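Based on the sequences and whatever the hints tell you, model everything.
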Amino acid sequence: MKPGNPSVIAREYMERGSSETCPLIDMHTHYGPYPGAYLPAMPPDKMRHALQRCGVKKIVCSAHEALLGDLERGNTLMQEGIDECPELFLGYWVVNPNYPEAVVRLPEDFARTRGFVGLKLGPDYHTYPLTGSGYAPALEYANERGLIILVHTWGDSLFNSPQQVAAVAEKYPEATFLMGHSGFGDFETSVRVARDFPNAYLELTCVYIAHDFAMQPAGSGTPLPLNSYLHVNGIIEYMVENASAKKIVFGTDMPWYSPHYAAGAILFARIDDDARHDICHRNAERLLAKFPID
Amino acid sequence: MKLFDCNCSYGISPRPAFRYARDPAELIAEMDFCGIDRALVYHAGMRCSSPAFWNQQFATEVESFPRLEPTWALLPTQTGEQLPPDEFLAAMKANGVRALWAFPSEHHYRLDGRTFGELLEVMTERRIPLFAKLNLIGLGDFMKEFPDLTAVAVNQGPHSLERYLRPLVDTYPNLYVDTSYYIVEGLIEEFCARYGPKRLLFGSAFPDNCSGAALLRLIQADTDDATKEALAGGNLERLLSEVRL
Numbered sequence: 001m002k003p004g005n006p007s008v009i010a011r012e013y014m015e016r017g018s019s020e021t022c023p024l025i026d027m028h029t030h031y032g033p034y035p036g037a038y039l040p041a042m043p044p045d046k047m048r049h050a051l052q053r054c055g056v057k058k059i060v061c062s063a064h065e066a067l068l069g070d071l072e073r074g075n076t077l078m079q080e081g082i083d084e085c086p087e088l089f090l091g092y093w094v095v096n097p098n099y100p101e102a103v104v105r106l107p108e109d110f111a112r113t114r115g116f117v118g119l120k121l122g123p124d125y126h127t128y129p130l131t132g133s134g135y136a137p138a139l140e141y142a143n144e145r146g147l148i149i150l151v152h153t154w155g156d157s158l159f160n161s162p163q164q165v166a167a168v169a170e171k172y173p174e175a176t177f178l179m180g181h182s183g184f185g186d187f188e189t190s191v192r193v194a195r196d197f198p199n200a201y202l203e204l205t206c207v208y209i210a211h212d213f214a215m216q217p218a219g220s221g222t223p224l225p226l227n228s229y230l231h232v233n234g235i236i237e238y239m240v241e242n243a244s245a246k247k248i249v250f251g252t253d254m255p256w257y258s259p260h261y262a263a264g265a266i267l268f269a270r271i272d273d274d275a276r277h278d279i280c281h282r283n284a285e286r287l288l289a290k291f292p293i294d
Numbered sequence: 001m002k003l004f005d006c007n008c009s010y011g012i013s014p015r016p017a018f019r020y021a022r023d024p025a026e027l028i029a030e031m032d033f034c035g036i037d038r039a040l041v042y043h044a045g046m047r048c049s050s051p052a053f054w055n056q057q058f059a060t061e062v063e064s065f066p067r068l069e070p071t072w073a074l075l076p077t078q079t080g081e082q083l084p085p086d087e088f089l090a091a092m093k094a095n096g097v098r099a100l101w102a103f104p105s106e107h108h109y110r111l112d113g114r115t116f117g118e119l120l121e122v123m124t125e126r127r128i129p130l131f132a133k134l135n136l137i138g139l140g141d142f143m144k145e146f147p148d149l150t151a152v153a154v155n156q157g158p159h160s161l162e163r164y165l166r167p168l169v170d171t172y173p174n175l176y177v178d179t180s181y182y183i184v185e186g187l188i189e190e191f192c193a194r195y196g197p198k199r200l201l202f203g204s205a206f207p208d209n210c211s212g213a214a215l216l217r218l219i220q221a222d223t224d225d226a227t228k229e230a231l232a233g234g235n236l237e238r239l240l241s242e243v244r245l
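Going down the list, the sequences are from chains A and B. In this text, residue positions in the first sequence follow my numbering: the first is 1, and each later residue adds one. In this text, residue positions in the second sequence follow my numbering: the first is 1, and each later residue adds one.
Hint data in this document are derived by calculation from the structure and do not stem from the laboratory. Be a bit skeptical, because a hint or two may be false.
With a straight-line cut-off of 30 Å between C-alpha atoms, the simulated DSS-like cross-links for lysine-lysine are [said to hold, decoys possible]:
no.	chain 1	residue 1	chain 2	residue 2
1	A	Lys46	A	Lys57
2	B	Lys2	B	Lys144
3	A	Lys2	B	Lys198
4	A	Lys57	B	Lys228
5	A	Lys171	A	Lys290
6	A	Lys2	A	Lys57
7	B	Lys2	B	Lys93
8	B	Lys198	A	Lys46
9	B	Lys228	A	Lys2
10	A	Lys290	A	Lys246
11	A	Lys246	A	Lys57
12	B	Lys198	B	Lys144
13	A	Lys2	B	Lys2
14	A	Lys46	B	Lys228
15	A	Lys171	A	Lys246
16	A	Lys57	A	Lys290
17	B	Lys198	B	Lys228
18	B	Lys144	B	Lys93
Derived coverage of chain B by chain A (criterion: at least 3 residues anywhere in the stretch with Cβ under 8 Å from a Cβ of chain A; other residues may be distant) [claimed, not checked]:
no.	stretch
19	12-18
20	182-188
Note that the structure is predicted; figures quoted are calculated from it, not measured. Note that CB positions come from ideal geometry on N, CA and C, so glycine has one too.
This is the structure:
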């Protein structure tokens, strides 16, 4: 039977797998191998193939290696990845406050990059709070330069809760904060932060899939366990209604989650096509417009 | 393509999704919105409150909805909460139930031979599929004990668990996987290339997750149409047709 969903964009994706008029810009992706999981689309050629099949026209990446291993090597790998495919890949420079000398060196390092639009912070992974002094030089730099900061966020985390994002969004108003995973599990607070702070956005990676870490033998894979949240259907409608479609950006953690799965959650949400355009590409286009790319 | 969702539910749970189906009619409306033809369904109460009550209640509720096929949830017989195997099977037959669910963490039991031995032996013999919401370490122990049972590994993910999963799928030919949490890019395609198209079942996990997300992932899988048809519903139809009550 044919879907009753009246969305023209949804029909296009169902029939062709992508949309000319409503492409995807993925604001949360990764690059290179990940130690804790086998990811079939990790090799860059496979990743590009998958992105092309779903009509993703631009992604913003950070290197797994920089987040989880050798910071310097990882950021260098990310630069190489961007250089190989600058028409598709943009980058986030990973900041790890456990290496303060690298944080101090950030202005000099970032000035040498090509295709980087901001910073990626993983406080849960580095067990260091977003509001701690170790991040401050990087946040000040991002604020001066008007950079995008993608922060891994999770509800009730000691290190990167949506409440902590509110604190830094207020303190650094010229930086743009994307709440990676939208403070998963504490969506109510994340939505309030996105609504109340003009420079805070909800980012959708994994928001569209329930997480029951008891079903994963090694749990969440972070140094401290993350909370589970078991029912997410309708979350996108809730976000649009309470924070507006203008404050939501598309993301997949690619090469983790299928862009078709993520797109399906938006295309079959009970929102209108104008909101779908905002989430899938328009908001990202607006955020990326000030960077000298393309 | 006929879509037959192997993993969805309706009903009231203590922490509901932002949008869910309260009754069979609302579930049918969700299926219509996505273009899903049929569903193998459980009731939220079977998972969250009382299987003993909701198994029967729910089977009656869906009787007038031919697109919804009911399943039941297991409980140990030792506590007197579930009928002995022969009576339980007779009740399944009377209510048109051809598949069972196990929620060991929600219902606090061990899915093993000590707890369910006789029933699991009968299920194996009669080819009754068991949808087991159990992590892959537990499922590996279970399959070692009952290698010939038709088991469906549900809600496996959303992280890639391939390093746990593939040794099990390699070892146990009667182990199937539902797609509801199998959402890491490329996994469906690699699974089908490695094992053929017969062991994956389309599942949405609605209302935990969005039906349309699972739907678009399947429809746009990088496989041939015959593989998609099998995943979409052919495999589930075949498994249910093999059941002898």
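**Prompt:** CA of lysine 2 of chain A to CA of lysine 2 of chain B, is that 30 Å or under?
**Reply:** Status holds; Cα separation ~10 Å.
**Asked** Is lysine 46 of chain A within 30 Å of lysine 228 of chain B, Cα to Cα?
**Response** The hint holds at about 21 Å.
**Asked** Taken at face value, is the distance from the CA of lysine 228 of chain B to the CA of lysine 57 of chain A at most 30 Å?
**Response** With a Cα-Cα distance of about 26 Å, the restraint between lysine 57 of chain A and lysine 228 of chain B holds, given a limit of 30 Å.
**Message:** So if I understand the rule, the pair passes when the alpha-carbon distance is 30 Å or less; does lysine 46 of chain A with lysine 57 of chain A pass?
**Reply:** holds, 15 Å
**Item:** lysine 246 of chain A paired with lysine 57 of chain A [C-alpha distance capped at 30 Å]
**Value:** holds, 19 Å
**Prompt:** Quick one, are lysine 171 of chain A and lysine 246 of chain A close enough, alpha carbons at most 30 Å?
**Reply:** The hint holds at about 22 Å.
**Prompt:** Between lysine 2 of chain B and lysine 93 of chain B, is the straight-line Cα distance small enough, at 30 Å or below?
**Reply:** holds, 25 Å
**Residues of the stretch 12-18 of chain B with Cβ under 8 Å from chain A, three needed, outcome** = It holds: at least three residues are needed, and the stretch 12-18 of chain B offers 5 whose Cβ sits within less than 8 Å of chain A.
**Prompt:** Given the hint that lysine 2 of chain B pairs with lysine 144 of chain B, does the C-alpha gap stay at or below 30 Å?
**Reply:** Violated, because 34 Å separates the two Cα atoms, which is more than 30 Å.
**Message:** Just to be careful, I want the Cα atoms of lysine 2 of chain A and lysine 198 of chain B compared with a cutoff of 30 Å; is the pair within it?
**Reply:** Judged against 30 Å, a Cα distance of about 24 Å means the pair holds.
**Item:** Agreement of lysine 144 of chain B and lysine 93 of chain B with the hint, judged by alpha carbon distance not exceeding 30 Å
**Value:** With Cα atoms ~28 Å apart, lysine 144 of chain B and lysine 93 of chain B stay inside 30 Å; holds.
**Request:** Mind checking the alpha carbons of lysine 198 of chain B and lysine 228 of chain B for me, to see if they're no more than 30 Å apart?
**Result:** holds, 10 Å
The structure fails hint 2 only (numbered hints given earlier).
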